[in-house]
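The lines below spell out each chain.
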Amino acid sequence: MSDVVLEFRDVLKRFGGTTIVDRVSFTVNRGEFFTLLGPSGCGKTTTLRLIAGLEVPDGGEIVLDGQTLAAPAAGICLPPDKRNLGMMFQSYAIWPHLSVFENVAFPLRVRRVPEPDIARKVTEALELVGLAGMEGRGATQLSGGQQQRVALARAVVYTPSLLLLDEPLSNLDVKLREQMRMELRALQRRLDLTVIYVTHDQSEAMSLSDRVAVVNKGRFEQVGTPQEIYERPRKRFVGDFLGRTIIVRGIVRGTASERWVELPGAERIAVPPETDAGVTEGTRVRVLCRPEEVTLLPGGESAPNQVTGRIETVTYMGDHLEYTIRAAELELLMTASKKTPQPVGAEVRLQFDPQAVTILP
Amino acid sequence: MSDAPIFRPGFRLLGFSAVEIVVLALFAFLMVLPVVSLFVGSFNIASPTQPAAYGFRNWITAFSDPKTLDALGLSFLFSIVRLGPSLLLGVLVAWLIARTDMPGGHVVEVACWFAFFVPDFPLTLAWILLLDPNYGFLNTALMSLPFIEEAPFDPYTFWGIVWVHMGTGGIWFKVMLLTPLFRRMGATLEEAARVAGANTFTTLRRVTIPVLSPMIFAVGVLGFIRGLESFNTELLLGLPAGIYIYGTRIYDYLQEEPAQYGAATALGSVFLVVLAVLAFLYRRYFQADRKFAVVTGQGYSTMRVRLGRWRYVALSGVILYFAVMMVLPLVFLVIGSFMRRYGFFNLDDPFTFSHWQNLFRDPVFLGSLTNSLMIAGMTAVMGVIAYSSVGYMLASPHPVRSRGILEFLCWLPWVIPGILLGLGLLWIFLATPLSVFLYGTIFGIALALTIQDSPVSTQAFKSGFLQLGRDLEEAARVSGASWRYTYFRILLPLVAPVALTIGMLNFGSAMTTISIPVLLYSAQSRPLSILLLEYSFSGELERGAALGLLITVIICAMIVVGRRFGLLDLSQSGGGRDKTRGDAG
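Chains A and B supply the protein sequences, listed in that same order.
Per our numbering, the first sequence runs over residues 180 to 540.
Per our numbering, the second sequence runs over residues 614 to 1198.
Only chain A is shown next, with the shape it has when bound in the complex (with noise of 0.2 Å):
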């Protein structure tokens, strides 16, 4: 699972003076699912062009199965032709005028492979994609779910040495994307594909990746297993983005065998075992944690790990309630099971679990 397929080391792309992709390394290793998740303008599809050579990088090196594909110092750009990748395009790009067999076949024939083969090998991939016995219909005749089975098709139809996948599902409807979501990732098990995948949808990402590369304006901000981005993002961007965030403001106290964060009510949450050093008594912090993780207590005493607070709204969501509070002087949002509704005025407790808390400075 180790050895290297794609690096980049310091890759640098500027559209007229602002720089979309900014110094960026990072390497995917064999058989890996790769997710570049961000907001749109991220420069993430721009990373996946510049894997394709649709794009030309202005600085650093970007190297596939140890051939050099980009490297501007050097004067090196391999047109995408000469990479032997698969890519899926967000709108699918499907030549109208062909037909699906002779669209999944294209690759092929490009490659100049034999008819025999080019036919066992379309049909192969159509079987693989579940459109099977489609090979004559126009391309203009598919539903969009077809459309993108038939661009998954011609993107692995000659065993490429990575696969690109730029938003493949945003098109879909709600249900088909979950499907589609699962059958991917079967896919991607089966034949052992080594997949790039763009989205900036944070549970597609979740579901799917291996790892995930958390990017925004341009830069990496966290690469990591979605366990890892998710409990434990590392900045403030990364815990924003992939669902909602409970923030308080303290300061550091106590000795380096036991801290604690002081909220200003005079509360405290434990700091956890395995914070960075850098956060030393006296140090202001942010404490993050997931609203999950987050359990709400009617009023009473304050114990270790508690905030006290006041509901101030209430909202009927549905599959549970959402309440904004306000406690140690900041607006919480929480949501909370149906369970044991709280009115509006309510003193109440926010229990913290000290084993889900991330202290950022």
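One should not assume that every hint holds.
Claimed, not checked - Between beta-carbon pairs, the in silico distance windows are:
#: 1; chain 1: A; residue 1: G195; chain 2: B; residue 2: A641; range: 23 to 33 Å
#: 2; chain 1: A; residue 1: D352; chain 2: B; residue 2: P827; range: 52 to 62 Å
#: 3; chain 1: B; residue 1: R1097; chain 2: A; residue 2: D380; range: 34 to 44 Å
The set of hints was computed from the structure by calculation and includes no laboratory data.
Note that the coordinates shown come from a computational prediction; the quantities given were computed from them, not determined experimentally.
Where is the CB? At the ideal position from N, CA and C, for every residue including glycine.
Got chain A sorted already, so can you dock chain B onto it with the hints?
Okay, now just chain B, sitting in the frame of chain A:
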């Protein structure tokens, strides 16, 4: 990597790559040189074949001659006088088609589209057959009535020329431009006004007209500039009566013995400056691409003005106008081509096939037909190859500095009337060592026509490629196809509707244009349009009618075939968008 849109950073000069430099140089040569040679030529007081000598004599000669100033003044007068009624009619008919419950609106629209393609030169000839003071049918018919002693009509006058123009290209084109505008123009905008309490008339006055007036104004300015470039009708009707516009004056200067190249180029230069200023203001004010953005319409308005009984009156009016301006002259063109002696209906045996037989036996005709077909074919092919490449480059998403320059170069012929382009090229053709290949040859004429086609062709291909989207091409590249393979397997088949439309349009205009070949042809390369000109000047009206009809039939056959295959729809300059776009998702 010169063939790849994605290239290694290689040789560069002033920030341009080698490919860009070659492309820019080629188009600068084609588009700018005729203009430059026109200006330089106007200061050259020697004849084109003599060593050059420079001075102001041409300008002094041209502008000390009152005829020159008269011609300039008359050019503007014609264009302004024509503009009022044709714009009014265009707006009225477009409004009737798109915004009222007038029956048969779609048929009227198709009829206008068809009429747009009917060449103007045979129509002018037909009006001569109808209105000539000596033998014109309408005149002789009216004079046979009591109390009418003199011929009431005369086409060889200012108003005669204006009248004939009311039935040729311009007005139908205005309807074609304005109808989709009226149709698209926000159903919601009007509906909002209605819901807010405005009645039909108030909505029209306070919303519809104010919203559309900038675009109507744009179409008007466009019509004015195009009107200044008009040539055929003025040549055929103006020359016998001594009515000259600048274009026919230039033609006249070159017909003199010896040809007055100097005065012609001086007059041409002045007019080019005037046109360039107008075109610059037009472009500045309405922006280059708005003209096309305006043309592509989407969404239909459901709300239509109820005309009540008046809708039949409106329809009758439109039918009458079409019958008088289009059907009547075409019928007389047919009659004229079959009459033994045109206008003499009381002969024993007035009708004959002899003119048609003579036409097809005439070796000059057969030679001209061959020339015309070859010129038009070459023009169509060269235009599609050159401007599809330019359109592709202009549609590139990569911000390339050369793009602005290239776009400007290919737009430049928009300002240059055919007669001036012919004049500029004539000067070059005579002066270069390549004159054997260019001067008086069908290739020289085809080259000039191709240059003239640049603006519309370039824009059509550009929007065609833009509508295709880049993904289809990039998907092919990533799949392993070289740029060349991608171009032939993916891009070309997908822009085929645009290419065929542009090819047919350019073929058609090459068959019917007079202003460009009139200065560039020789006895060996004479096309049909020039032969028609010669027939009408030498008074062979019956044979001219036959030839004019033949040209009209060729064009009509072409557009019927084009229409059959869903091409030539000018309201979507991208061509067949729905068929070439695959994003059903």
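(Q) Hints numbered earlier in the text: which of these fail when held up against the supplied structure? (A) 2
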